[in-house]
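Visitor: Residues per chain, in single letters:
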Amino acid sequence: MSDADPESARPGFVRIAAGRLLQQRWVLAAAAVAILGTTLLSGSPLGPTFAAIAAVAAVAMLVPRGARARRHGETDADRNPVERLSALRLAAAVSDPLVVFDAQATVVHANPAAEAAFGSLRGVDLRLRFRAPEMQDLVRRTLDAATHPAPVEYVERAPIERLFRVGASPVGDGTGLFVLVFRDQSEARRIDRMRADFIANASHELRTPLASIGGFIETLRGPARDDPAARERFLEIMQTQTERMARLIDDLLSLSRLEMKPLVAPGQTADLVAVVSGVADALAGIAADAGVEIERHLPAAPVLAAGSRDELTQVFENLLQNAIKYGRSGGRVVVSVERSPVAPGGGRPQVEATVRDFGPGIAGEHIPRVTERFYRVDGEASRAQKGTGLGLAIVKHILTRHGGRLSIASAPGEGAAFTVHLPAA
Amino acid sequence: MHIVTGFDDDLKYLSGRIAAMGGLAERMVAESVSALVHADETLARKVIDDDRLLDEAERDVDEKAIGIIARRQPLAADLREIIGTIRISADLERVGDLAKNNAKRVVAITAGQRPAGVVRGMEALAELALGQLKDVLDVYATRAVATLAFVRDRDVQIDAVYTSLFRELLASMMEDARNITPCTHLLFCAKNLERIGDHATNIAETIYYVATAEQLPERSRQDDSHKVTLPASATGRQGER
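For the record, the sequence lines run as chains A and B.
In case it helps, our numbering puts the first sequence at residues 1 to 425.
In case it helps, our numbering puts the second sequence at residues 426 to 666.
I should point out that these hints are in silico values taken from the structure, not numbers from a laboratory.
One or more hints might be untrue.
Unchecked claim - Lysine-lysine pairs mimicking DSSO-like chemistry, simulated, CA-CA at most 30 Å apart:
1. B:Lys489 <-> B:Lys559
2. B:Lys559 <-> A:Lys396
3. A:Lys261 <-> B:Lys559
4. A:Lys396 <-> B:Lys616
5. B:Lys616 <-> B:Lys559
6. B:Lys529 <-> B:Lys559
7. B:Lys616 <-> B:Lys471
As the list claims (entries may be wrong) - Stretch-level coverage of chain A by chain B, calculated; a stretch enters the list once three of its residues show a Cβ under 8 Å from a Cβ in chain B:
8. 119-127
9. 360-368
10. 394-403
Note that CB positions come from ideal geometry on N, CA and C, so glycine has one too.
Start from the sequences, fold in the hints, and give me the full structure.
Guide: As C-alpha cells, this is what we get:
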C-alpha cells in the first residue's frame, strides 16, 4: 500500500471523521442501544448515558482505521477508483480487441470488442484461431521469453479485409497471464486500395465511351461537317455517352465510399418493412412509366434487421431499379419481407426480403457472376438500359458489411428473384 | 482429459502444427492470387519457396502421429482425432501445392493479355475459396461443428463460379488466337482454385467426423464444366439456388 502523495491535499478531518463513524455505524448503534437499555433498566439518570455514548463516538472518530479502510477514503482520492475496478470492466471499456491468455495459449478472457471482431473466443487455443505465421511467431515469443516482442501486422480477410497491428506482453509479474492487443489499421489500407481500384476501374470503363465520343467528334469535324441530319444523330449519341460516364463516376464513387467503411457498427436497427415500402413508393413513378406494377407482400408488423437504414435503402433501390429495368416485359414486380423459417446451422435468426420480377430471367452460367463489378450478362441490352454494371456489386458490398448475403434464383423465361438475407435485430 | 498428461501434450502439439500449416496455406493461396492479379513475379517466387515448409510440416505431422498411435494406442475419440490430423495435414499440403502451381503460372500470363473480366472472376473465385478455407479452419479451432452447413452452400457456389469462368475463358480463346496461351494457364489456375475449395470441404468433413464419429451427408459434385460447349447454344444450366 503506497504512501499518500505528500503534494496532494489530504481530505479534511471532518470527512475522515464522518467516514470512520459511517464504517462503524452498526457497532456504534449497538453500543448506544446497550448503554441506553442498561440505564433505563437500572433506572439511573439519563445525563451520564449521553456522556457515555458521546465518549464512545469520540473514540470511534479518533482511532484511525485499518489499511483496507484507508484505501476507502483517507488517502489520495484519485488513485482509489481505478484500484477498486475489476479488470473485466476495464477491458470491456477498451474499444480495441483485447485477449488475455495463459501459458498454454488458451484464451482466458476476450473483451466485447474482441468477440465482435473475431467471434466467440472463450476457451479457444490462440494458435488455432490466429494461424498466420506472424501471429504464431508473436505468441510463441511472448510465451517463451515472457518479454515484450515487437508488434506484428495481421490481416483478417473474411468477411471484409481488416488489418491489425498486434502487440503482446505479459500481464503483471508472475501472474502467468499474457495479453494480446489489436489496433485496427484497416482504414489506411482501405484508402490505398480504394484509390488504386477507383483509378483502375475508372480508366478502364471510361475508355470506351471516351473513344466513342472522340470518334464522333472527328467525324463531325470531317466527313459529316455539312450533314445536319448526321450531326443531330451523332450529337445525341455523344450526349448519351456523356450521361453514361457521369452515372458511372457516381456509382464508382458510391462503391469507393462504401469500401472505405468498416463493418456496420452493432446496435443500429432498421425496419425492413418500412425500408422496402419507402423504396417502392419512391420508385412508383418510374415503375408506372415503364408499365410495371409493384406488388407488395409485406407483413403488418415491423420486421427489424441489424443494420443501417440508409444503406439498406440503397440496396433495395438498386434491386428494385434492376427489376423494373430488366423485368419490364413481365409487367409486374413483387416485393416481400419475412422472417427466415430456420436459422442456418444454428446461427443467429435471420430476416429476408425478396424482389421478384417476371422478365426474361438470367441464365444459370451468369448467376454466380452478376455481382461482380462491370459483369454484363448481355452487353448490348444492359447498356441500352443505361446500366453501369455496378448496381449489384454495391448491393453485395453493403450486405457483406452487414453480415448478410444475397441469394439469386432465376431460370431463363421465368424471371428472377433476388433475396436479401440479414441478421435479425 | 487423459490420465497421462503427456498424451494431451502430444495432441496439442499436433493441433498446433495443423494450425501453423493452415495459416501458411491460407497465406500462400492469398499471395498466389495477388501475384496473378498484379503480375508480381517476386511474390510468386516467395509462394513457390514457402511450399517447402508445408511439405516438411506434413512429413513431421505424419511421423509424430504414427508415433503416437504406436506408443499410446489411442481409442475412440482420440484415435479419430489422430487420424483426422493425418488427413487434414494431407489436404493442407495439397492446398499448398495448388497455390504453388498457380504461382508458377504467373510468369506465363503477362499483364497485357488478361481480359479484365476474367481477372475479376478469378478474384471472386479466390475470395470464395479463401473464405471457405478460413471458416473451416476456424471450426477446427472452435469445434463448433453445427455451423458446417455453410460449407456445402459455398462449395456449390465455388463450383458455379468455376463453371462460369470456364465458359468465359473458352469464349475468350475463340475470339482471338493470341489469347489461347494465357487463357489456358488461367484455366488451370481456376481449376486449382476450385480444387482448393474442395480440399477445404474435405477438411470440414474430417472435422465433423472427428467430433461426431459420423459422416456429413453425401454432397453432389456440381462441377458442370463437362457440359460446357461453345458456340453458346442456349444449353446453359437452369439456375438453381
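Visitor: When you check the alpha-carbon spacing of lysine 261 of chain A and lysine 559 of chain B, does it fall within 30 Å?
Guide: 22 Å, holds
Visitor: Establish whether the coverage given for the region 119-127 of chain A by chain B is satisfied; the threshold is a Cβ-Cβ distance below 8 Å, and no fewer than three residues must meet it.
Guide: holds (count 5)
Visitor: Hinted pair, alpha-carbon criterion (30 Å max): lysine 529 of chain B, lysine 559 of chain B. Please report holds or violated.
Guide: 23 Å, holds
Visitor: Taking a Cβ-Cβ distance under 8 Å as contact, does the region 394-403 of chain A have three or more residues in contact with chain B?
Guide: violated (count 0)
Visitor: CA of lysine 616 of chain B to CA of lysine 559 of chain B, is that 30 Å or under?
Guide: 19 Å, holds
Visitor: Does the alpha-carbon distance linking lysine 489 of chain B and lysine 559 of chain B stay inside the 30 Å limit?
Guide: Given pair lysine 489 of chain B, lysine 559 of chain B holds - Cα atoms ~25 Å apart, limit 30 Å.
Visitor: Keeping to a limit of 30 Å between CA atoms, is the pair of lysine 559 of chain B and lysine 396 of chain A held or broken?
Guide: 20 Å, holds
Visitor: Check whether three or more residues of the region 360-368 of chain A sit with their beta carbon closer than 8 Å to a beta carbon of chain B.
Guide: holds (count 8)
Visitor: Can you confirm whether the C-alpha distance between lysine 396 of chain A and lysine 616 of chain B stays at or below 30 Å?
Guide: 25 Å, holds
Visitor: Taken at face value, is the distance from the CA of lysine 471 of chain B to the CA of lysine 616 of chain B at most 30 Å?
Guide: 22 Å, holds
The structure shown violates just one earlier hint, number 10.
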